[in-house]
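J.: As a plain string of letters, each chain reads:
There are 2 protein chains.
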Amino acid sequence: METIESMKRISRKNIISPKGFKAVGIHCGLKHKKNDLALLVSEVPASVAGVFTTNVIQAAPLQVTKKVVNETQKMQAVVINSGNANACTGKQGMQDAITMQQKTAEHLGIDSDLVGIASTGVIGEQMNMVPLLSGIEKLQPMDTLEGSIQFSQAILTTDTVTKNTAYATVIDDREVVVAGVAKGSGMIEPNMATMLGFITTDAHIESEHLQTALKEIADVTFNSITVDGDTSTNDMVLVMANGLAGNHSLTPDHREWQSFIDALHAVSRDLAKMIAKDGEGATKLIEAKVTGAVSDEQARQIAKSVVGSPLVKTAVFGCDANWGRIIAAVGYSGATIDPEDIKIYIGDTVVVEGGEPIPFSEEKLLIYLKQHEVKFAIELNQGAGQGMAWGCDLTYDYVQINATYRT
Amino acid sequence: METIESMKRISRKNIISPKGFKAVGIHCGLKHKKNDLALLVSEVPASVAGVFTTNVIQAAPLQVTKKVVNETQKMQAVVINSGNANACTGKQGMQDAITMQQKTAEHLGIDSDLVGIASTGVIGEQMNMVPLLSGIEKLQPMDTLEGSIQFSQAILTTDTVTKNTAYATVIDDREVVVAGVAKGSGMIEPNMATMLGFITTDAHIESEHLQTALKEIADVTFNSITVDGDTSTNDMVLVMANGLAGNHSLTPDHREWQSFIDALHAVSRDLAKMIAKDGEGATKLIEAKVTGAVSDEQARQIAKSVVGSPLVKTAVFGCDANWGRIIAAVGYSGATIDPEDIKIYIGDTVVVEGGEPIPFSEEKLLIYLKQHEVKFAIELNQGAGQGMAWGCDLTYDYVQINATYRT
Numbered sequence: 002m003e004t005i006e007s008m009k010r011i012s013r014k015n016i017i018s019p020k021g022f023k024a025v026g027i028h029c030g031l032k033h034k035k036n037d038l039a040l041l042v043s044e045v046p047a048s049v050a051g052v053f054t055t056n057v058i059q060a061a062p063l064q065v066t067k068k069v070v071n072e073t074q075k076m077q078a079v080v081i082n083s084g085n086a087n088a089c090t091g092k093q094g095m096q097d098a099i100t101m102q103q104k105t106a107e108h109l110g111i112d113s114d115l116v117g118i119a120s121t122g123v124i125g126e127q128m129n130m131v132p133l134l135s136g137i138e139k140l141q142p143m144d145t146l147e148g149s150i151q152f153s154q155a156i157l158t159t160d161t162v163t164k165n166t167a168y169a170t171v172i173d174d175r176e177v178v179v180a181g182v183a184k185g186s187g188m189i190e191p192n193m194a195t196m197l198g199f200i201t202t203d204a205h206i207e208s209e210h211l212q213t214a215l216k217e218i219a220d221v222t223f224n225s226i227t228v229d230g231d232t233s234t235n236d237m238v239l240v241m242a243n244g245l246a247g248n249h250s251l252t253p254d255h256r257e258w259q260s261f262i263d264a265l266h267a268v269s270r271d272l273a274k275m276i277a278k279d280g281e282g283a284t285k286l287i288e289a290k291v292t293g294a295v296s297d298e299q300a301r302q303i304a305k306s307v308v309g310s311p312l313v314k315t316a317v318f319g320c321d322a323n324w325g326r327i328i329a330a331v332g333y334s335g336a337t338i339d340p341e342d343i344k345i346y347i348g349d350t351v352v353v354e355g356g357e358p359i360p361f362s363e364e365k366l367l368i369y370l371k372q373h374e375v376k377f378a379i380e381l382n383q384g385a386g387q388g389m390a391w392g393c394d395l396t397y398d399y400v401q402i403n404a405t406y407r408t
Numbered sequence: 002m003e004t005i006e007s008m009k010r011i012s013r014k015n016i017i018s019p020k021g022f023k024a025v026g027i028h029c030g031l032k033h034k035k036n037d038l039a040l041l042v043s044e045v046p047a048s049v050a051g052v053f054t055t056n057v058i059q060a061a062p063l064q065v066t067k068k069v070v071n072e073t074q075k076m077q078a079v080v081i082n083s084g085n086a087n088a089c090t091g092k093q094g095m096q097d098a099i100t101m102q103q104k105t106a107e108h109l110g111i112d113s114d115l116v117g118i119a120s121t122g123v124i125g126e127q128m129n130m131v132p133l134l135s136g137i138e139k140l141q142p143m144d145t146l147e148g149s150i151q152f153s154q155a156i157l158t159t160d161t162v163t164k165n166t167a168y169a170t171v172i173d174d175r176e177v178v179v180a181g182v183a184k185g186s187g188m189i190e191p192n193m194a195t196m197l198g199f200i201t202t203d204a205h206i207e208s209e210h211l212q213t214a215l216k217e218i219a220d221v222t223f224n225s226i227t228v229d230g231d232t233s234t235n236d237m238v239l240v241m242a243n244g245l246a247g248n249h250s251l252t253p254d255h256r257e258w259q260s261f262i263d264a265l266h267a268v269s270r271d272l273a274k275m276i277a278k279d280g281e282g283a284t285k286l287i288e289a290k291v292t293g294a295v296s297d298e299q300a301r302q303i304a305k306s307v308v309g310s311p312l313v314k315t316a317v318f319g320c321d322a323n324w325g326r327i328i329a330a331v332g333y334s335g336a337t338i339d340p341e342d343i344k345i346y347i348g349d350t351v352v353v354e355g356g357e358p359i360p361f362s363e364e365k366l367l368i369y370l371k372q373h374e375v376k377f378a379i380e381l382n383q384g385a386g387q388g389m390a391w392g393c394d395l396t397y398d399y400v401q402i403n404a405t406y407r408t
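Taken in order, these protein sequences are the chains called A and B.
Offset between the first sequence (1-based) and the working numbering: plus 1.
Offset between the second sequence (1-based) and the working numbering: plus 1.
Simulated from the structure, these hints should not be mistaken for lab results.
The C-beta atom is built at its ideal place from N, Cα and C for all residues, glycine as well.
Don't take every hint at face value.
As the list claims (entries may be wrong) - In the DSS-like style, the derived pairs of lysine-lysine whose C-alpha atoms are separated by at most 25 Å in a straight line are:
(1) LYS9/A to LYS23/A
(2) LYS67/A to LYS9/A
(3) LYS139/B to LYS32/B
(4) LYS67/A to LYS92/A
(5) LYS92/A to LYS344/B
(6) LYS344/A to LYS92/B
Said to hold, decoys possible - Chain A regions said to be covered by chain B (calculated; three or more residues, Cβ under 8 Å):
(7) 120-130
(8) 328-337
(9) 356-366
(10) 385-398
Take the sequences, apply the hints, and build the full model.
T.: See below:
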């Protein structure tokens, strides 16, 4: 993470770090034991922005929430269940999603078109509405660390750790905080996969500008990670901005617009990397940085091709400096390259230059590859485009988790 | 396999089933113990056609062979080594590939531009030329089953079984035989991945028409399989047609053109399915058949998306009837679909129809999913397009094989 002046990472980071948010998570009974129902509420209706899965099959809750983002353009609460994705559940699934939204609105005493909903878990099974609805009635959002920890736990599926981050910046002499929480793990692929991300901020900003900022940042953060190449039916990242920091309304013309962008970017990148690192069965984060591409877009495309390659992923798991698999993934990425101009680093070690293998110490690279974060740098010498992507290794545990998911 | 009149599968099927071919395989020392050098020779120069990897990074031997296919348009021999792919090896690698071609030509007493070469194995290491060249001098091609068995063994890498097939048909009252041998296993993806395929036939056909036939058939066979989504630097499928069957020269206008196409198609499909079934670590062949797509191309695209999904692949390994993952893969395939029109079968069992889950017997499907071939049928009701794709399950063994490949 670069140090950006005037921005600091918050140590006691959680989704209610910005002013005016409360959160809670409970066990309602969709899962056997773990927390499975979460609620995030803003004191006042917040500007909202969202990015959603590109999968043509879109889960009912996602459709309901998209409507809030696109039509109401304000959101005051979002309720999330894990254990069932309510996806591919037909008319009944849509009815259940609407009921989930309405019951939450009634419980909070707000309009239902201010309530977003999200579901994650198994696809193709009808929602068990009895525990869900009685669970909603029990939700008591808190402005405490405990509430936000419960929230971050309740949205998880096969994740092994909760994912929280927060940054503070200064805009119009007011402290503005941006915080985020996410779940990821399986089915994570570039264009929004079963990844849920919720970002809160007390910045004052209209939905229109918030959407612009989120879209731009999502491409280089959430859409630049991959766990297994599968794109889920349920992914979404929502940003709620309730304005309680008291800054002047942010627009791209605001002289401190970039400070807000930097904080939103830092939160999004932290969450994206945490999701990649905690991919199903993963033991390592893989980062690929590409420079000298013909465009930033192509650089990201190559970086994603490398971190998404099952052969690269298994080699990293096996601590094998098999750079041939990296260059092969560069080659089939579809981007413009010249094999004779490529230089590849594993960590600080050059392994190929000008299309020729460079002798290196296997022992030194073995030590490097045993670390929990492995970095590849690929210089193409074709132009000024650059980009990064993150993924994880492919392990026995990935297979085990997914071979037995429903059982 | 459909029964096609006038065509029969040959029981003692091998690469020298057509008239005028000889083969041999030996251990020259690139691998520790196993056969690693293979040679296929035709009595007379044969018409040749080839399809090659779409990876921008192309191994030296592939570039050498492409030139023979494109410029000489005839081939009399092809020499293949396993244990080293001679890929990403720069100028030295190209020099070594040319030497491999020339030494084989000298050994056989034929022009070097009639010799194709292929290499498979680890990427990025210079070829060990001493054992390779002394091996070439020892190659004595045979017109016996033994020679062709040795050949089929010597081209393997992590394959667990040899892959041979052959069909006989009748053209101009002459028996015409088409035979094929292949290696596959890792790095297998649609557009030619470390897959090598060699097809022989005694049909009389010019290279131009042979190329047309191969291109068309490769798209619906070799390019419709996937093991891990990686596309290799070394893939190729070659067809050599030596004309010794004595039929009139085949063109698309020949009244028995379709008989030849059917035999070439059957050989290619057999090899493709054998490669998918023997994917690294695989225990099962997965077949996806898509009907009712807006085009044949989109149908294949969807079928490949389904058989390529890591989540579908692990579910099949775990015998889990998790159809949600199938429909999710349909959704992110990029093809035109309407979720409410989709019907999905696992084997003979309908699991979703009109976008709604259909109750089914988990026990019955568990028994079905324990078989070695698992079939999914997906009806889209959008048009008349249809297509198939083949893949394999994702298992602990895939991870093990690839985590330790170079060690």
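J.: Hint by hint, say whether it matches the structure.
T.: Status of each hint after checking the structure:
no.: 1; hint: LYS9/A to LYS23/A; result: holds, 22 Å
no.: 2; hint: LYS67/A to LYS9/A; result: violated, 32 Å
no.: 3; hint: LYS139/B to LYS32/B; result: holds, 16 Å
no.: 4; hint: LYS67/A to LYS92/A; result: holds, 17 Å
no.: 5; hint: LYS92/A to LYS344/B; result: holds, 16 Å
no.: 6; hint: LYS344/A to LYS92/B; result: holds, 16 Å
no.: 7; hint: 120-130; result: holds (count 5)
no.: 8; hint: 328-337; result: holds (count 6)
no.: 9; hint: 356-366; result: holds (count 3)
no.: 10; hint: 385-398; result: holds (count 3)
The earlier numbered hint that this structure contradicts is number 2, and it is the only one.
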